[in-house]
Each structure stands twice: as C-alpha cells, then as structure tokens.
Amino acid sequence: MHALSVRNLTKVYANGVRALDGIDLEVETGDFFALLGPNGAGKTSLIGIVTSLVTKTGGDVSVFGHSLDRELNAVKNAIGVVPQELNVNLWDKVSNIVVNQAGFYGLTRSRALARAEVCLRQLQLWDRRNDTARTLSGGMKRRLMIARALVNEPRLLILDEPTAGVDIEIRRSMWQFLRDLNAGGTSIILTTHYLEEAENLCRHVAIMDRGRVIERGPMATVLTKLNEEVFLLTPRTPVLALPTVPGFDVRLNGPLELEAALPRSRSVNELFAALSAVGVEITSLRNKANRLEELFLNLTERKGGLSGLRAPQAVSP
Amino acid sequence: MNLGQQFIALSTLVRREYYRVLRIWGQTILPPVINMALYFIIFGNLIGQRIGQMDGFDYKQYIAPGLIMMAVITNAYGNVVSSFFSSKMNRHLEEMLVAPMANATIVLGHMAGGIVRGVAVGLAVTAVALLFTPLPFVHPLITISVFLLCAAIFSLGGLINGIMAKNFDDVSIIPSFVLQPLTYLGGVFYSISLLPELAQQISRLNPILYVVNAFRYGMLGVSDVPIGTAYVMMVLCVAVLFSICVLMLNRGYRIRE
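So the sequence lines, in the order shown, correspond to chains A and B.
Per this note's numbering, the very first residue in the first sequence carries number 80; after that it's consecutive.
Per this note's numbering, the very first residue in the second sequence carries number 2; after that it's consecutive.
Pulled out of the complex, with its shape left as it was, chain A reads as follows (with noise of 0.2 angstroms):
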C-alpha cells in the first residue's frame, strides 16, 4: 500500500497561477521521501492539499488507501504536518499547545497528556513545557512544531523546510531524531532546500518545477543520471600556470585552487595521475557542489538562476 498517492493532481489559484499541472506522484509506506523544487515549483501547494490546508482544482489523493475526497476524516487521522511557517500560538505555553492539538484529534485528556509529555521529551523541550512559546529559540520552535505534529501517532509525517533557518548542530540533531522515526515505521515526506539534506536521509526523491515533477526515482538511481561531478582540488604547491592535462577538463581558480570536471566514467585516480604527469601534486580535494545540487541544476536549466538554494556543505576527500 502506498503511504501518499496522487493522481493527475492540479491546482490553479484565483489569480490564475498554475501551482500543479497534472502531477502523478507515489510514496511507499516506511519511505523517506524527498520532494525538492526551486521556490514555486508547487511543493507547498502539494502538501497543502494532501493535508487538507487548500482545495484541489483537480485530480485524486489518497492517503494509505483512504480518498481524500471520500474518506478526509482517515485521511487527516494519518497524518502530522510541519509546515514551513511557524504556525504555533506564541502566546501559549508549550504544554498546551501539544496537549491542545492531541485533543482536536480526539484524544482524551489523559493520553493528551502523556502522548505530550512523550513527545515533548523526544525533542527535548520537556524541560520548557511551561514556558511561552514566544520564549523558544528558533530550533526549538521548529522541534515543537515536530512534537505538536507527533502528538496522534501520524503513520505519515510530512516536514515543509523543518530545518529551515536553525544552525548545523540543531539541523543534525533533527536528522537522527527523523531517521529514528523512519525506523520505527512512520513513512516521512520532507521538502527542502538543503539538497545535501534530502541526500543523507532520503531514499526516494520527485523533484519539482512549474508544477511537474520532472525527475524521480530511488536517490541513488536518480544520481546516476549526473554526468559528472565538480572537485575543487588544492595543490602542494603554488600553480602560477596550469599546463594542459590530457583526458580532463582542469581549470586554474588561482594560485592555490584548481577546478576539475570529472566524467562519471572517469575515476578520481585517474585525474590524480592525470595532474601528477603534468607536475601537479593534489593535498585535497572537495565537491565544488553537491551532487544532487548538480543534477537539480541541469534539470531544471537554471545555472545560476536559483536564489533559493542553500549553499552545500563542504565534503572532505
């Protein structure tokens, strides 16, 4: 059974906009799902309608069999939502804003409360449960959002940019924190910026533009479909002029950085013997880009066109 299914799913705005043009998407149940986009690809607009949040224009949704249309009632019981904007009562307190949402979903008070102690102590904001939400650092509002969307045991969660604007430590955190839950057995939908994110956690991926999913498939399949990678190479010592290396395309970015295209039939020791033979000793090297940052890239024909994307992290050779 397919955690999400949809089908021919459309969506025009009153102003006209075509958010989503017929898209046709699966997500298996126990997934980790990626769904990556530049901004206004549709991503937001897709989960809004899974979670009820905007009305379709066109097209069927269902949610571990249930029709959004026929069965919304099971539909809205299976899932948690983290939306991208903070949406939480900045007024309440922590507790309450936990305790609450399990009781709009019919939990008695009882469970309300010990469902939100759970999950509060999951994400480590036990120790502020009386404490306004206003009080809450930017990573512990995003984790509260987490817990809140946690709190009626959702067998599909689905995060819009969890880790959007919260630092590096906070961001790892909350990729274990996710895996675990994978593990455990609920299907997750995550949209993000971070493409090296969607690359370490997920195994799947649909990748968006102007309302169509225009790739998709297992991560690692999909990352096939890359060409080449970029390295950026640092030599022992300085290179004022950068001789031709035979087979590989070496540009020099300065005295003490050279850039390398590496074809997906090439090996990296190739390129090493390659640069040594013309006198080039390499210390290091690291991705100029992330890979799937790349493919996203060449899909959607956009070089240097994307303002919304995160620049990568640094990877060590």
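Think of the hints as simulated: they come from the structure by calculation, not from any bench.
Just so it is clear, CB atoms sit at the ideal spot from N, CA and C, and this is done for glycine as well.
Accuracy of the hints is not assured; some may be wrong.
Stated by the list, open to error - Quick list of the computed label-pair ranges, beta carbon to beta carbon:
(1) A:258 x B:257: 31 to 37 angstroms
(2) A:293 x B:23: 51 to 57 angstroms
(3) A:213 x B:138: 41 to 47 angstroms
We have chain A already, so just place chain B on it with the hints.
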C-alpha cells in the same frame, strides 16, 4: 472521529478559549466593569436623577438590563472575532483545520468561548449594577436563557466577522459602525414607546431591541416587545448564524486557498 471524539475536540477548544479569557483578564473583564461603573455614575446618578422614572422604574434600574446586555454583546462578539482572526492571521487555526474536527465543532467551540466571556463579563457587570441599584430578577429562567442566547448570537456574529476579515480594519469596522449604533438604538437607554410611530417601526427591525427587552422582561418584568416574539427572533438568529458559519467553513471561505 466519532461523537465522543468530537466532544473531546469541542471541550479542548472551549478550555483553550476559557484560559485565553482568563489569561488576558485585564483586557477582557476589567474594561467592561469600569465602563459599567461610569455609565451608572453618569447616566444613572447624574442624568438619571433629572429623567426620573421610566416604565414605572427608577432610571438606573431601567437601564441596568440594557447596559448588562450591551456588555455581553460587545464582549461575546469581540472575543470570538479577535480569537478567530488572530488564529487565522498567525496561522494556528491550521491546528484545527488539519485535525479531523467537524466544522460544526469548530463553530460550537468558538461560540462557547464567546459565551464563556459573555457570561464572565455579564456576571461582573451585574455585580457592579447591584452596587448602584437593586434588581428584582422577576423571571430568573428568562433572564438566564436570554443571557445565554444573546451571548450565542453575538459570538456567532463575531465568528462570521472573523472568518470574513482580511485585515485588522475589517475586525473593527463592524463593532464600531454597525454593532455599537444598533446597541445604542436598541432600547438600552429608553423605551421605544417614547419614539414617534415611524421610529418605533424602524426600531423593531433592530434585533438588539428584542434581546435588550427580553432581558429587561426577565429582570424587571417590562418589555417593549412581546416576549414570545423576542424568543422566536433570538432562536432564529442562532440557527441562521450557526448555519452560515458552518457553511463558510465547509466552503473554506477565506481560510482555505
């Protein structure tokens, strides 16, 4: 969600609204108490002494039911419109929209929240009124039922305003330019029998006239309108406004894109 779970969701929403009223008591309960005291000092003591009696009652006694209803109307309406609109603007309304709560439950919960504030303020201003003048409570059941119906009507009115509002101006326009004039012209400070016939007929189109007079009938035993007509009007208002609210939520009017 079965009926029991809907009741849990409803009680959660009512509890949340109840604590909101208490948390901001300085904004919700204190101002109407001060207003009530000022009305009694100015209209009751200073001006009322020159007016004398109205419908056989001391002027302070005569205006007390209307002033109490005025406080209930303003606060029940204001509570729901501000609560719903702020939750829409701050987007925590989505907490309810993503949950399997029936739209009727969302409407009932906000209505109950408005009634909670209306009752809290109503009791507080009644206590203030009793400091200035005795109130006989001739028909206690009518007094209580009109009290609750009035709070329900204007809570639902506030909810419609909250659903429709796009900005803060929309939230303040109806209370300032519709509710307040209708309240002042709804027989709070005078009996419509003092008005020319045409003005009396126009006044009978004002729903607040029925609320104020039904409450005055419960407290003092006098009314400008038949009590049965007043009840029919109030119950009809609740039914129609409730249906409009549910219909608007079902259609996602200004809450779902």
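Against the structure, the hints come out as follows:
Checking the proposed 31 to 37 angstroms range against residue 258 of chain A and residue 257 of chain B shows it holds: the Cβ atoms sit about 33 angstroms from each other. Take residue 293 of chain A and residue 23 of chain B: their Cβ atoms lie about 53 angstroms apart, and the range 51 to 57 angstroms holds. A C-beta distance of roughly 44 angstroms is found between residue 213 of chain A and residue 138 of chain B, which places it inside the suggested range of 41 to 47 angstroms.
Violated hints for the displayed structure: none, as all numbered hints are satisfied.
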